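Chemist: Single-letter residue listing:
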Amino acid sequence: MKLRRLTKRNHQNSTNNDPCAADLQATLGDQRVHTDSAARHLASTDASIFTGGAAGIVCYPSTTEQVQAIMAVAIKHDRAVLPRGAGSGLSGGAAPLGNPIVVSTTRMNRVLEVDLEDRLAWVQPGVINLDLSKQTSPFGFHFAPDPSSQQVCTIGGNVANNSGGPHCLAYGVTSSHILALEVVLSSGEIVELGGLDSEPTGYDLRGAFVGSEGMFGITTKIAVRLTPNPESVKTLMLSFDTVTDAAATVSAVIASGLVPAAIEMLDRNCVAAVESFVHAGFPTDAAAVLIIEVDGLSAGVSADATKVAEVAQTHGATVRVAANEDERALWWKGRKSAFGAIARVAPDYYLHDTVVPRSKLVEVLEAVYEIAQRYDLTMLNVFHAGDGNLHPLMAYNSRQAGANERVAAASREILELSLAVGGVLSGEHGIGVEKRDFMTDQFTSADLAQQALLRTAFDPFCRLNPGKVLPAAHSCADIATLSAAHADGVWG
Amino acid sequence: MKISGSKPDAPAVAGVLGLDQTDLYSCVACGLCLPHCPTYRVTGADTHSPRGRIALMQVLDEGKTSLTTEIVEAFDTCIQCRGCETACPGDVPFGALMEASKEVIETTDRQTPWWLKTALRTITYPRLLRFGSSAVALAQRLRLLPPAFRGIPQRMPINRQQLQSSGDDVWLFTGCVMDAWQRNTHFATQQVIEATGISVRLSGDGAPCCGALHTHAGLGRQARKLANRVVSALPGDNPVLVNSAGCGAAMKSYGTLLNTAEARAFSARVLDIHEWLAERLNSLKPSNIAEHRQPPIKKRVAVQDPCHLRHVQGTHGAVREVLQPFVSELVDLDDDGMCCGAGGAFSALQPQLAAEVRNLKIAAINRANADLVVSANPGCAMYLAAGGVDVCHPMELIAQALNDG
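Residue numbers (numbering that gives the first Met the number 0), protein chains in the order written: chain A, 0 to 491; chain B, 0 to 404.
Pulled out of the complex, with its shape left as it was, chain A reads as follows (with noise of 0.2 angstroms):
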């Protein structure tokens, strides 16, 4: 097989000739409107493993006038519309199903405004997470949610999915730091939801949105809510002899009354893969890392780290605290990269999301790695102790056969005892594809019912994101908007 030239102009797959698309570049502009088949490719899957059909047309507006533009032309053509931010999502809530319309935010990345005595920011969606922080930050504050992707994912998608971070722990998740946003409907309509009063009346539509998947609306603009940095940060890394130790260190510390800000845990397998990457000194023969942060005023921080220190050496940990803010920051990047380190262990991997009780963390890590073995996975554990969850990472090889059957299987029952033991089936990654089939474990038929109501509600012809979140039973209007899907991506 020899690579086939290109002669002139091979527009291979495009979908240049769609009338839908003619459209678009009449109201856009050509640089707005991509129909190739490398962007439609490209935007065809998120940093999952899942797929299903393919970007049909790619759109990379800037304003909230260009959202509404593309809206009407996707009702003009009975199309399907899919908001996409970095494509750094874990549940396939990027992937489209279907080939719909996707409007990627990468372009409205302006940060508005910035209300220091306010306390608030206005930016546009693709505003990349990190980016915010590091614009407040000489000025004292930050946005508090932090993804371990948050050099990468934008504040639009942590709106759609409702993210968490190492750091929710003590300030809550993104919910809790949204306070108004400006949505174009799926009729074309632009609304603004919540406010910047601390008590806006009326129903709660803002925290209704906020975890909505790309379902209800696209988010234009956001308030959001900018935390002041703490005074004083002490960072722990304690290492253990074993995983129940850490689990158990992590129940004394929050049942001895302290709320750090954030509580981590890595176990040996993810340590030496973290390690390898950013060479900070984890102890690489400990079974199991725990990295707790605490920080406020800097009398109670000391005061804080010390108890933390003590319970933890009841437990059997070796204690080290973070010398300055360099080796703090190194230690940070080692444990939110631990996801895209795993390329060093296989070349596929499969990052779990689910939560347990904290009490039950121990039975539950055990029981994990149990199923890890059965299916012959290679089991990297690196998660949000703090709050139970957890982020079972199986490391594979999709090459190998039988391997995404052994997953997808492991996966399962990984659900499934998280639920058996008063779980829920996501901490933070969304329900998107992956977790959609599994809604009927966690709800009633009439539960799912009435999420099915809410969403009609906001989007009655199920034109945004179709086919998530909500299993088939309870998604009638998506089918027909699938049906002419695409079975097999741009290229199969």
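Bear in mind the hints are in silico, worked out from the structure with no lab data behind them. These numbers were taken from a predicted model, which means no experiment stands behind them. Beta carbons are placed, not taken as given, at the ideal position from N, Cα and C, and that holds for glycine. Please note that the accuracy of each hint is not assured.
Stated by the list, open to error - Far from chain A, by Cβ distances over 10 angstroms, these chain B residues were calculated: (1) ASP19; (2) LEU31; (3) LEU33; (4) THR42; (5) VAL58; (6) ILE70; (7) LEU115; (8) GLY131; (9) GLY205; (10) ALA264.
As the list claims (entries may be wrong) - No more than 20 angstroms apart at the CA atoms, straight line, and that leaves these computed lysine to aspartate or glutamate pairs for EDC-like: (11) A:LYS332 - B:GLU84; (12) A:LYS332 - B:ASP333; (13) A:LYS332 - B:ASP90; (14) A:LYS133 - B:ASP333; (15) A:LYS133 - B:ASP335; (16) A:LYS332 - B:GLU193.
What the hints assert, rightly or not - If the Cβ cut is set under 10 angstroms, some of the chain A residues that face chain B in the computed set are: (17) HIS33; (18) ALA46; (19) SER87; (20) THR104; (21) ARG106; (22) MET107; (23) ASN108; (24) LYS133; (25) VAL151; (26) ALA272; (27) SER275; (28) GLY333; (29) GLY339; (30) ALA345.
With the hints as your guide, set chain B onto chain A.
Modeler: For chain B alone, kept in the frame of chain A given last:
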């Protein structure tokens, strides 16, 4: 819905592009590279991102598609800065994959424009290059050429002062365009080396060009030929010092490029001038800078890290080390070593995209509020200067400090 990547019958051997299969599939598509890619930063398009470009290599390699205009464009718009490699927690060798892909595309389908090919041929003939450069410089003075033309700097020198070897302790690699257009930097570099008590032997016309630009353009055959010439023109065991980050990075990878014991031994001798000098600062210090004195350069100087120094050679720290004693205030830019858009011939090939990347860099420079910017790569320096930035090579600053002191 299905889980992607199910390819039980995929061959273990190389596919259409002949890429190393382990390397090609080492990308787990996590996306952590995206914000560190200058072209993705500018356009927000997945086709302009490292993750996207690797995904396109995969479909090409698997034979799922032939080349399309847009796939070629996705590769042509890669500056090959390799900022993504530093950001990648999985150690994906993006640069090697991109170079190999570009070479296959180049041999399948001529992509390099005639004028660049002519230019890349010319730079391997030093006399012709110097003569041509002087002619261009003259034409500039006579206003026969537009002020900004295909990456050629404004007000190039018409005459060049002769460089003289002073011994043979170390080689100084003089290269192609740098020798023709920025010989002052070589003078400064030689002066600084000699101030440490070490004599300099110039590489001269026998080693006309390192071939980095040829590798980037996918002209692998010419690049290997030039690499062989350089290796045989600089025999012995003495260090080969390079004051151009791009050339240094290329010469350090001759071992991989040529895959011979001789080339590997050569690459081991190659040192960036700053990493070499950082080890010998003491031999400059006692005689030239009294410890109690104020640094001679009383300016706020911002360090712009050339990508091939920071992301490829990883020796950007040495630039700060060697400048510290001479400069009163040294500041870093806040953009995590983002590319400036020059990228060898990139700014000439993709002028619009390059200019947008440079705008980001200039914004970072303005935020640093510096009097002067130093850049250890001639391409970056020229491109930033063309954008109105006051920029010089670190060696020029040190030479100036030594002269003033």
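Chemist: Indicate, hint by hint, whether the structure satisfies it.
Modeler: Verification of the hints:
1. ASP19: For ASP19 (chain B), whose nearest Cβ neighbour in chain A is about 12 angstroms away, the distance exceeds 10 angstroms, so it holds.
2. LEU31: violated (5 angstroms)
3. LEU33: violated (5 angstroms)
4. THR42: violated (8 angstroms)
5. VAL58: violated (6 angstroms)
6. ILE70: violated (5 angstroms)
7. LEU115: Given a closest Cβ separation of 18 angstroms, the condition holds.
8. GLY131: holds (32 angstroms)
9. GLY205: holds (37 angstroms)
10. ALA264: holds (28 angstroms)
11. A:LYS332 - B:GLU84: holds (15 angstroms)
12. A:LYS332 - B:ASP333: holds (17 angstroms)
13. A:LYS332 - B:ASP90: holds (15 angstroms)
14. A:LYS133 - B:ASP333: holds (9 angstroms)
15. A:LYS133 - B:ASP335: holds (12 angstroms)
16. A:LYS332 - B:GLU193: violated (42 angstroms)
17. HIS33: At 7 angstroms from the nearest chain B Cβ, HIS33 (chain A) passes the 10 angstroms test, so the hint holds.
18. ALA46: Check passed: Cβ of ALA46 (chain A) comes within 5 angstroms of chain B, closer than 10 angstroms.
19. SER87: holds (4 angstroms)
20. THR104: Since chain B brings a Cβ to about 8 angstroms from THR104 (chain A), closer than 10 angstroms, the hint holds.
21. ARG106: At 5 angstroms from the nearest chain B Cβ, ARG106 (chain A) passes the 10 angstroms test, so the hint holds.
22. MET107: holds (9 angstroms)
23. ASN108: holds (7 angstroms)
24. LYS133: Given a least distance of 8 angstroms, the restraint on LYS133 (chain A) holds.
25. VAL151: For VAL151 (chain A), the interface hint holds, since the closest Cβ of chain B sits about 5 angstroms away, which is under 10 angstroms.
26. ALA272: Where the cut-off is 10 angstroms and the nearest Cβ of chain B is about 8 angstroms from ALA272 (chain A), the hint holds.
27. SER275: holds (8 angstroms)
28. GLY333: Cβ of GLY333 (chain A) sits 9 angstroms from chain B, so the hint holds.
29. GLY339: holds (4 angstroms)
30. ALA345: This interface hint holds because 8 angstroms falls under the 10 angstroms limit.
Of the numbered hints listed earlier, those contradicted by the structure are 2, 3, 4, 5, 6 and 16.
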